[in-house]
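Colleague: Those protein sequence lines, which keep their order, are chains A and B. In terms of the numbering used here, the first sequence opens at residue 1 and continues consecutively. In terms of the numbering used here, the second sequence opens at residue 1 and continues consecutively.
Calculated from the structure, these hints are not laboratory results. A couple of the hints might just be wrong.
Same chains, same names: a pair is fine if it fits in one copy or spans any two.
[Unchecked claim] Capping the alpha-carbon separation at 20 Å, the derived lysine to any residue pairs in SDA-like fashion look like this: (1) Lys397 x Pro110; (2) Lys153 x Gly345; (3) Lys284 x Gln201; (4) Lys61 x Ala374; (5) Lys60 x Phe379; (6) Lys311 x Gln263; (7) Lys285 x Leu241; (8) Lys231 x Gly466; (9) Lys284 x Asp242; (10) Lys285 x Asp242; (11) Lys284 x Leu241; (12) Lys61 x Ser149; (13) Lys285 x Ile199; (14) Lys283 x Ile199; (15) Lys60 x Glu192; (16) Lys114 x Arg281; (17) Lys282 x Ile245; (18) Lys231 x Glu195; (19) Lys283 x Asp242; (20) Lys282 x Ile315; (21) Lys283 x Leu241; (22) Lys153 x Asn446; (23) Lys283 x Gln201; (24) Lys260 x Arg432; (25) Lys61 x Ala151.
There are 2 protein chains.
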Amino acid sequence: MASMLLSRQLTCCLQQNSRLLVFGHRYISQAAAKIDVDFDYDGPLMKTEVPGPRSRELMKKLNGIQNAEAVHFFCNYEESRGNYLVDVDGNRMLDLYSQISSIPIGYSHPSLIKLLQQPQNLSAFINRPALGILPPENFTEKLKESLLSVAPKGLSQVVTMSCGSCSNENAFKAIFMWYRNKERGHNSVTKEELESCMINQPPGCPDYAMLSFMGGFHGRTLGCLATTHSKAIHKLDIPSLDWPIAPFPRLKYPLEDFVKENQQEEARCLEEVEDLIVKYRKKKKIVAGIIVEPIQSEGGDNHASDDFFRKLRDIARKHGCAFLVDEVQTGGGCTGKFWAHEHWGLDDPADVVTFSKKMMTGGFFHKEEFRPNAPYRIFNTWLGDPSKNLMLAEVIKVIKTEDLLNNATHAGKALLTGLLDLQARYPHLISRVRGRGTFCSFDTPNDATRNKLITIARNKGVVLGGCGDRSIRFRPTLIFKDHHAHLFLNIFSDILANFK
Amino acid sequence: MASMLLSRQLTCCLQQNSRLLVFGHRYISQAAAKIDVDFDYDGPLMKTEVPGPRSRELMKKLNGIQNAEAVHFFCNYEESRGNYLVDVDGNRMLDLYSQISSIPIGYSHPSLIKLLQQPQNLSAFINRPALGILPPENFTEKLKESLLSVAPKGLSQVVTMSCGSCSNENAFKAIFMWYRNKERGHNSVTKEELESCMINQPPGCPDYAMLSFMGGFHGRTLGCLATTHSKAIHKLDIPSLDWPIAPFPRLKYPLEDFVKENQQEEARCLEEVEDLIVKYRKKKKIVAGIIVEPIQSEGGDNHASDDFFRKLRDIARKHGCAFLVDEVQTGGGCTGKFWAHEHWGLDDPADVVTFSKKMMTGGFFHKEEFRPNAPYRIFNTWLGDPSKNLMLAEVIKVIKTEDLLNNATHAGKALLTGLLDLQARYPHLISRVRGRGTFCSFDTPNDATRNKLITIARNKGVVLGGCGDRSIRFRPTLIFKDHHAHLFLNIFSDILANFK
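So here's chain A without its partners, still in its complex pose:
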């Protein structure tokens, strides 16, 4: 099957225009690229429709104990390797979604297998401590080797958490505490504050808010959900908080062709941000912080210019609000920099940056002034998991050794160039192609077409993910190479050519 795909690809390349011949040229470098990913498979291998009979049988069983309607198929992770996800029916698929963007260096990476086989590492997996009170000897060292070695500029402090939602929830709390201390101007707390907070009332529980953007996604716990505005299904029936919501720019792509229109759209949104801060303060609801994703992901891969974010940062500073950048989905290298917000070139760093997914552990970086002024204020039983820190240290070593940030830039360029070409050829199916590194996406005409394309691609051996109401997003691992991009583009080109 793989060799069939290869010959089909070469034939395809030879038959097509000069732009695609560039693909052919790049494809020839596959052998060299593959040295870096020697545990990878050489192509998809499909045996059944997906989900296949075994997956369907297992879905039925799982559905007996929980709503399993979101399950795509069941996986054989033991057999999954590199960029390829193998399912329980023996189908092997090129995975461009990587578990909702959460697998950093591919499946079954030899470095991680080796790490797990070393006897001295066993303890980290079976003796999970309460990190806030009884950390293991190597805790600081592993944080330095992993998270702190890639800390965004100016953020010297880091706290680990178990997932993305907990990371944002605790980042909000750190911001609220910081804001209140700033308002107080001193460290002493009144009796009234201590008593009123116990019954959820001000002044102990002040009427503070986080400003968020329409289309943003920051998690699903109640605090996070008050800042999430991507899909109704996430929010319906759940009580929320009256926090301000600003419009996020709706830009035209490619960005370089619509500079003026996009600037106007961004200016409109920024003005609204300032208006909301003032309006909410007037009604005694203080905006303590602004939360934003560098690229709105769940909400439909909505980009904004670097200039927009620099101006947003300025607005936050001007109004005394903390500036929180949610890098849960964008962080970890897929945009070509370790953190997507590093593209912006901020003079004054973000105040707080949250992460999870590819970082294997949740958590957040922050400036020193956001440090809680007492123990147990940002705290829970586990505060993350040292076994994840251990794996992350290894993952970051691989990212550095194998120059995977540059790889993301390079492979992302191959992917984006190919998508632009497909857009030119199939404008009725593909529009608004956009991306940074491998963090690419495009729009389809509607939800039904999008879902149909994802299903067909899956049956041809490619796992894709949707986002927003009609977008397809690319979230490959960091070991996704140019040749994987070309492999995908050829398969997808065939799909588009035959799409009815």
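Since the structure of chain A is already known, use the hints to place chain B on it.
Modeller: Only chain B this time, still in chain A's reference frame:
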């Protein structure tokens, strides 16, 4: 050192009254008991004050990157075994706190080491999937072997989460959805609901509430925190929700000696619960559910009678509220039953039961009627971690094979009997001794005395935990045996005798 302790203990037993001779008798069975815990150490071994010089050095380093003031000491988990926690200065301590009650079967359990060494299990640790969309082949099977094999009666459904807070947050959401569907009476949603929920407003985000109890602890994310009322430091400066808070009974111990007074106190609290539900409904804030811990843990180990909880369950049903039992700290067997609420003998089971800590994964059980009516409503990227399910299946096998629930009852009785004896001998230091299984506690005269006792005990080789404003709580592992109870009691008896 261990043999010194042993001989001191025997001498001590021989010198004391018949009640303590029972300890001596039980102690003789230590050899038999130790067969079950053959990877355990035979006693504490202290080399330095705790925290020792190495711990202090590491605390200073950690404090450079996060507030490390809550750290007790740094641990050598590789050397920690069974009930004994070893620190980085080579001190070996009998651990009666077990990482805030989160280590089920002791440190470095051979079954878990073996599990990690089996090549077929490696994948679960290094290939963490998005469980809601791409579960591993053995997902349902492992849930059946682990969580479902100990599911509370009547609760056929289970969802996994990454931590205790996420478990409660998502349980709240399941309850809110259930309540709203009940109100609707049908499955269709209005356009107004879909639109208003996107901007955090009713009717899409209805004004629903969870009723909680003063002194309760249910986590620290914003939704959970609105139901947490244990300590001001947890809540100060964080905006909250106007949700009803009922008084939790403040009982006299031993419960059997104060039946009438305690009944009156419980009746007062139950009446207040009903009043609050009615009062909040009048102001259009609907109490959709009631959340309660079987024993308020962080809040000071506050017990209530089985009758109180049966009546509370009845009130929930009468008013159409969901009844959510938070077993994050009480669950997993330490009270002598797998779930503490199984002691109550409810006719109608709880609607939702949350767990985490000793269960290694977070999550919640629920009745079928609380199943979300669509996919992606209770969802996040990871939805727990299959590596934790794998370990939990092994832990539950050990709990069953080694009859550890009965062990908790038995060892708990030895501990409680000893504490009652110490209370009789040192009433100025120990009061309100209480417990179920090994989930025991007592009060000290004040915060300062409590903290001093904990520090002295630690330097004598025993790790204890505090809770509430002046209580000491016992949270040993499930392999804590009678002889460990006697070992502790002897050490603590000496401490009390010499306390100034």
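Colleague: So, against the hints stated earlier in the document, which numbers end up violated here?
Modeller: 15, 16, 22
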